[in-house]
Amino acid sequence: MSGLDRWWLWRTQSTVVLSPVLVVLGCLVSLSNADYADPYWLDLSSKSTVSVLFLAPGFAALAAWDGARWRRLAPAAVRSWIALLALCLSAVALATLLTFAITLLVLDVQVRPAGGAPRLDVLALGVLVVSAYAAVGFVLGRYLPRLIAAPLAFGLVWGWVAFTPAVQPFWMRNVTGNLGTSCCALDVELVPLALVAPGLLAVALLASAAVVLAWSWRRAAWVVAALLVAGSLAAAASMMRPVGADPVQRRTGSQVCVTAGSRSFCAWPEHDGRLRRAAPSLGRTAQRLAATGLDVPPRLRESTRAPGGWSFSLGGGNPDQWGKTLAVSPLDELPPPCTDRTGGVWPAGENLELAGAWLLTAGGADEAFAAEAQGASLRRLRELRALPVGDQVHWYARAYAAMQTCEPVS
Amino acid sequence: MNLTFEDVRYSYRRRDRPVLDGLRLSIPAGRTILLGPNGAGKSTLLAIAASVLPLGEGRGRVAVDGVTPDRRGSRVRFRRRVAWMPQTVTPAAGVTVRQQVALHGWLAGMPRTAAWTEARRALVQVGLEQLADARSTRLSGGQRARMGLAQALVHAADVLLLDEPTAALDPDQKEAFVSLLARVSGDKVVVVSSHDVSDLEASYDRVVVLEEGQVRFEGPTAAFLRNGAETRRPVDAYRAVLRRS
Amino acid sequence: MTGLLRATRMPILGSVALATGVLSGLLRGATAPVPSLSLGAVSPVPVVAVIALVPAIAVTWGWSGLGWEATAAAARSTWLLVAPLLVTNLAAFALGSWLVGGSGSLLESGRNACGLLGLALLGCLALGERGAVAVPTGYLLAAFLLGRGSGRSEPWWWAWVLSDGGSVVAGGSAIALLLGGVLVLPRIPVAVLRRGER
Chain H
1 MSGLDRWWLW RTQSTVVLSP VLVVLGCLVS LSNADYADPY WLDLSSKSTV
51 SVLFLAPGFA ALAAWDGARW RRLAPAAVRS WIALLALCLS AVALATLLTF
101 AITLLVLDVQ VRPAGGAPRL DVLALGVLVV SAYAAVGFVL GRYLPRLIAA
151 PLAFGLVWGW VAFTPAVQPF WMRNVTGNLG TSCCALDVEL VPLALVAPGL
201 LAVALLASAA VVLAWSWRRA AWVVAALLVA GSLAAAASMM RPVGADPVQR
251 RTGSQVCVTA GSRSFCAWPE HDGRLRRAAP SLGRTAQRLA ATGLDVPPRL
301 RESTRAPGGW SFSLGGGNPD QWGKTLAVSP LDELPPPCTD RTGGVWPAGE
351 NLELAGAWLL TAGGADEAFA AEAQGASLRR LRELRALPVG DQVHWYARAY
401 AAMQTCEPVS
Chain Z
1001 MNLTFEDVRY SYRRRDRPVL DGLRLSIPAG RTILLGPNGA GKSTLLAIAA
1051 SVLPLGEGRG RVAVDGVTPD RRGSRVRFRR RVAWMPQTVT PAAGVTVRQQ
1101 VALHGWLAGM PRTAAWTEAR RALVQVGLEQ LADARSTRLS GGQRARMGLA
1151 QALVHAADVL LLDEPTAALD PDQKEAFVSL LARVSGDKVV VVSSHDVSDL
1201 EASYDRVVVL EEGQVRFEGP TAAFLRNGAE TRRPVDAYRA VLRRS
Chain B
2001 MTGLLRATRM PILGSVALAT GVLSGLLRGA TAPVPSLSLG AVSPVPVVAV
2051 IALVPAIAVT WGWSGLGWEA TAAAARSTWL LVAPLLVTNL AAFALGSWLV
2101 GGSGSLLESG RNACGLLGLA LLGCLALGER GAVAVPTGYL LAAFLLGRGS
2151 GRSEPWWWAW VLSDGGSVVA GGSAIALLLG GVLVLPRIPV AVLRRGER
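Chains H, Z and B are the protein sequences, given in the same order.
Residue numbers for the first sequence follow my numbering, beginning at 1 and rising by one.
Residue numbers for the second sequence follow my numbering, beginning at 1001 and rising by one.
Residue numbers for the third sequence follow my numbering, beginning at 2001 and rising by one.
Careful: at least some of the hints might be erroneous.
As the list claims (entries may be wrong) - Take a look, some chain B residues computed to stay more than 12 Å from chain H by CB distance: (1) Ser2015; (2) Ala2070; (3) Leu2081; (4) Ala2091; (5) Leu2095; (6) Trp2098; (7) Gly2104; (8) Ala2126; (9) Ser2153; (10) Trp2156; (11) Trp2157; (12) Gly2166; (13) Gly2172; (14) Val2182.
What the hints assert, rightly or not - Among chain Z residues calculated to face chain H with C-beta under 8 Å, some are: (15) Ala1050; (16) Gly1094; (17) Trp1106.
These aren't lab readings, by the way, just hints derived from the structure by calculation.
All C-beta atoms, glycine included, are put in the ideal place defined by N, C-alpha and C.
Bound conformation, chain H alone:
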């Protein structure tokens, strides 16, 4: 037996024949988000699994089609339904892995992360989740006509994976296994149970599919399968209930630091190169802000608030822009949480744009540029800048303090 003949069994499977279409589609979907990727392996690994959104319903529909075909072909087969499911899932898992690998490779070339390695646990979860939903589709195909089973599998899985991020409670979105849309900027990492909860549900779905296929004629098998899914869903929900919208927490670990002027600037190891390029600009900006009279601490960290709200970001753009992120960083966490209680009313917010523009000019930016970048009135900015420096700082301090509340501006 030679060449293609060796693979004849796989070539009879819809999941294999149509997998190139899904692989290409999956890669395009994942790479369409590449502009927002950080050179951070956790981010790249999760971004490369965004395609779960289409791979899961697509392969579920194809598996349903194959399941229905096996039912017609194999009424008196020696091969068990578990063996047929395994054949189907091996193709699904390989195609999913291939999609992730291609995406990761392209992202690696585009983003060039420094050091480290892809997060195999994140990728493995993606493969497990797609396989589990394909198993659900296969079971539907085993029992329903193919014309019903395939679209039903597609619709159910798509609804579960894609629609849940748009609805509450939040735990629902965090058990579907669709990590890519909610993870992970450079300054965060996954909560410890973020992979366990969807993994548990996926394993339960696989086990339920196996139980139903192996003992389909026993009513108890259906009860066991239902209990498995319900139990794992309850367990996964209890794991994710304390977590917010995204299953992430602040990143811990040491940063690399460089000194520029009289201050040191620290960033995550993945941004070591950018930090070295940004350091002169950051140093100059910090020095100018301090010279204006602002209290800039001696040690500043990337995306980690220092006293007074100072930090900087190296997320994108060029070294010049990185310096500007330091200047406007005190305003990053506005509006304050109290706007939730006041229905979005935040009277002091009227000074937000002007304060931002003033901070930029204090950091050394040109007035016209600063006003345009922050959407502030150039005339008002010039009036403010015409005041003595002490008065300018006093205005900013009062505006900044007022912006932390939802009280009317005095």
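On the provided structure of chain H, position chains Z and B as indicated by the hints.
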């Protein structure tokens, strides 16, 4: 080698009368034709013999040399020894003729490579080798029947159960089928359900006549034809058997 | 007539269409965030678009219950044979949607069901039974991924399934597709049989 049915009772849901009612039958190696009027239970009997229709508790027993399909372990051994060609051969969408035949071999427990090789041999046996790479959905009715036959032949089973295999064949193909049956039978149990009783003596060693779920006749072809009195025509013999019951 | 109703599974399919219509009405306005290839970002797509697949595919499935051979060989008009199934499914889906979602929901759900049914019928003509599933599903995927262009507030004309219920162009496109599907109805059984499907 023997295919045996012991006290087999079978009813379909929502039907008042059982299709098979306490049927006892032992079919030895050789070519056996299963005759009977429409609704006599021929297809049901073959489906039970293929373990496609499972016999529940207390509904009798089917066995090949004592091996029954009752439990998982013995069912696998039973199915490895039995091949079944259903009345309707369904082509699977998206696969070639050779792939479909090979799939049946693989499903019957053959290793992947052997199934692929044997599929070629089976297609040559039924004269379909020219269409091996054609889509199975593109076959005509007669070609489908031959593909179904190849599906049954691919894993060299000890028991061949063929449900109306000649219904869609042209006269040449029918003749080819009879000679193929003679070639492959040997020490196998071959059971063919059919309404085609022409040339019975040359084609089959034994005859079984079913009616209303009961065996009305079972014996060598020559003995069956004697029921046709002096004409010895199969149709007369068949009518005489049914009249007598 | 009773035989036709049973063969085409009309009572069960009508009930399913009614139930999915109700679901469609309940989920009116609900969107799911889906990555858009043309925008390079996540964009919201209406969930009711996917639900409208149900009546579209149900019609083809119900028809297959009657038998492609039987319809192809029938002396009666194919349109008359299939019309009860088609009208029942669309009407039940629209009614369910209108009962809980009002006229706005009726417009959007009805348009989606009509358009996807048209695509299912045309898909069946081109690709056989599997085309009834593959074509409308493939269309939905294409609309989700490529239906919006950057700098445009409205989707492209062909991605009518993403438009509001009040869009005349979208409604017209869906009706045109349904008309196209209905026009080719008599050719579908033969096309399916020529593909060797039974």
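Under the criterion of a CB-CB separation shorter than 8 Å, is Trp1106 (chain Z) in contact with chain H as hinted?
holds (6 Å)
Minimum C-beta separation from Leu2081 (chain B) to chain H exceeding 12 Å: can you confirm that?
holds (18 Å)
Would you assess whether Trp2098 (chain B), listed as outside the interface, keeps its beta-carbon beyond 12 Å of every beta-carbon in chain H?
Given a closest Cβ separation of 21 Å, the condition holds.
For Ala2070 (chain B), which was marked as not at the interface, is the minimum beta-carbon distance to chain H over 12 Å?
holds (17 Å)
Compute the least Cβ-Cβ separation between Ala2126 (chain B) and chain H, then decide whether it is above 12 Å.
holds (16 Å)
Is the Cβ of Ala2091 (chain B) farther than 12 Å from every Cβ of chain H?
At about 20 Å from chain H, Ala2091 (chain B) clears the 12 Å cut-off, so the statement holds.
Ala1050 (chain Z) as an interface hint toward chain H, with CB separation required under 8 Å:
The hint holds - Ala1050 (chain Z) has a Cβ within 8 Å of chain H, the shortest such distance being about 5 Å.
Non-interface claim for Gly2172 (chain B) versus chain H (Cβ beyond 12 Å)
The assertion about Gly2172 (chain B) holds, with a minimum of 26 Å to chain H.
Check on Gly2166 (chain B) being off the interface with chain H, judged by Cβ distance over 12 Å:
The claim stands: Gly2166 (chain B) keeps its Cβ more than 12 Å from every Cβ of chain H (closest is about 22 Å).
Compute the least Cβ-Cβ separation between Gly2104 (chain B) and chain H, then decide whether it is above 12 Å.
holds (20 Å)
Just checking, Trp2157 (chain B) versus chain H, shortest CB gap more than 12 Å?
Non-interface label on Trp2157 (chain B) holds, nearest chain H Cβ at 22 Å vs cutoff 12 Å.
Could you check that no beta carbon of chain H comes within 12 Å of the beta carbon of Ser2015 (chain B)?
Fine: 14 Å to the nearest Cβ keeps Ser2015 (chain B) off the interface.
Comparing the model with each numbered hint stated earlier shows that all of them hold.
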